[in-house]
Amino acid sequence: MKFFRYLFIGAIFGITLAKAEVISWFRIYEMFKFQSFHMYGVIGSAILIGIIVIQLIKRKKIKSIDGEPIMIVPKKFSWARYLIGGTIFGLGWALTGACPGPMFILLGNGVGVILVVIASAMLGTYVYGKLRHKLPH
Amino acid sequence: MNQLLEWISQPWPWYVAGPIIALVMFSMLFFGKFFGISSNLRTMCSLLGAGKSCDFFAISWREQAWNLVFAGGLVLGGLIAYLYLGHDRAAHISATTITELQAYGIADPGKTVVPTEIFNWESLLTLKGIIFIVVGGFLVGFGTRYAGGCTSGHAISGLSDLQPASLLAVIGFFIGGLTVTYFVLPYLLAL
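Chains as they are written, first to last, in the working numbering: chain P, 155 to 291; chain F, 1196 to 1386.
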């Protein structure tokens, strides 16, 4: 029953990204070509409100539903990992027009062949898992 | 009720979507979870038994089950939008984008959610389709785990928390995305 909340939030997120056309390959292309403000508005306003929300959580020490303090574990900084990994992700993002969230949403939205994109992404994740000790982090 | 349905079936502007995304992130934090979707790819590998051949996947998928349920919610949300909230699935992209993509041979840019001449089962038999679908998916999966997160984990959660690592990852997302869009797609779309 506890899982229902994640299903619900996921569905809200899915509907939002579908209705705001964020799952569209065309919107991603347009974003990388700087031909519309739309995607920057979506991501930018989410971050701006997100910054305020997280500052409030930290300053007011807002607790989670279980009464635990909300903790965000900072990612350990390094150059190679985020720059190289991020760039590889970006190459794929511009090709598929879908990052992991939209992949799942597109599946529900009736784009069946996206299953192959998801399977390939799983394979990519697996190959990373195999090679990770040999990669600069 | 019908009027309400009619109203939310219109395309949603950015200033509606952005705040909802922030609310989704907050809800996950409030429930004691971190908003990041790409971890599901690792969990799904683990579910398929990848832990036997690689210790990176020797994790308890049960502990990540909440995130798989979240991904299930994404599929459900996509389905609800498709079935009940407007059927056309068009993207209202700029006139410049439309003209440009038509020149690359895409018949009706923005009329469908993805370019159907590329994203269909038959195109998996062509080099072009394989690059867009298979290679593209592979790079997303490899890159997101290497970078430790995707658009949700880094761009939304990480930047909201003002983390330098996430800023660097997002800069990487754009280096990769701009490279493909400006230097690869002109040739690839013409294939």
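Warning: the hint list may mix true and false statements.
[To be verified] Computed footprint of chain F on chain P; a stretch qualifies when at least three of its residues, placed anywhere within it, have a C-beta under 8 Å from a C-beta of chain F:
hint	stretch
1	157-165
2	202-212
3	236-244
4	261-267
5	273-285
[To be verified] Calculated cross-link-like contacts (lysine-lysine; reagent style PhoX-like; alpha-carbon spacing at most 25 Å):
hint	chain 1	residue 1	chain 2	residue 2
6	F	Lys1228	P	Lys288
7	F	Lys1247	P	Lys217
8	P	Lys212	F	Lys1228
9	P	Lys230	P	Lys156
10	F	Lys1228	P	Lys214
11	F	Lys1228	P	Lys230
12	P	Lys230	P	Lys288
Read the hints as simulated data drawn from the structure, not as lab findings. For glycine and all other residues, C-beta sits at the position ideal for the given N, C-alpha and C.
Cross-check of the supplied hints:
Remark: the stretch 157-165 of chain P is confirmed as covered by chain F, as 8 of its residues place a Cβ nearer than 8 Å to a Cβ of that chain, reaching the required three. Residues of the stretch 202-212 of chain P with a Cβ under 8 Å from some Cβ of chain F number 7, which satisfies the need for three, so the listed coverage holds. For a cut-off of 8 Å, the count of residues in the stretch 236-244 of chain P with a CB near a CB of chain F stands at 9, and the three-residue condition holds. Only residues whose beta carbon comes within less than 8 Å of a beta carbon in chain F count, and the stretch 261-267 of chain P has 7; three or more means the coverage holds.
With a threshold of 8 Å between beta carbons, the proposed coverage of the stretch 273-285 of chain P by chain F holds, since 12 of its residues qualify and at least three are required. Using a Cα cut-off of 25 Å, the hinted pair F:Lys1228 and P:Lys288 is violated, with the two alpha carbons roughly 31 Å apart. For the proposed pair F:Lys1247 and P:Lys217, the alpha carbon gap of about 38 Å is over 25 Å, so the pair is violated. For the suggested pair P:Lys212 and F:Lys1228, the alpha carbons sit about 16 Å apart, so the restraint of at most 25 Å is met.
For a cut-off of 25 Å, the pair hint linking P:Lys230 to P:Lys156 is broken: about 31 Å separates their Cα positions. Taken as a hint, the F:Lys1228 and P:Lys214 pair is honoured in the structure, with Cα atoms around 19 Å apart against an allowance of 25 Å. Under the criterion of a C-alpha separation no larger than 25 Å, the hint pairing F:Lys1228 with P:Lys230 is consistent with the structure, at around 19 Å. A hinted pair counts as satisfied when its Cα atoms are at most 25 Å apart, and P:Lys230 with P:Lys288 qualifies at roughly 19 Å.
In summary, the numbered hints that this structure violates are 6, 7 and 9.
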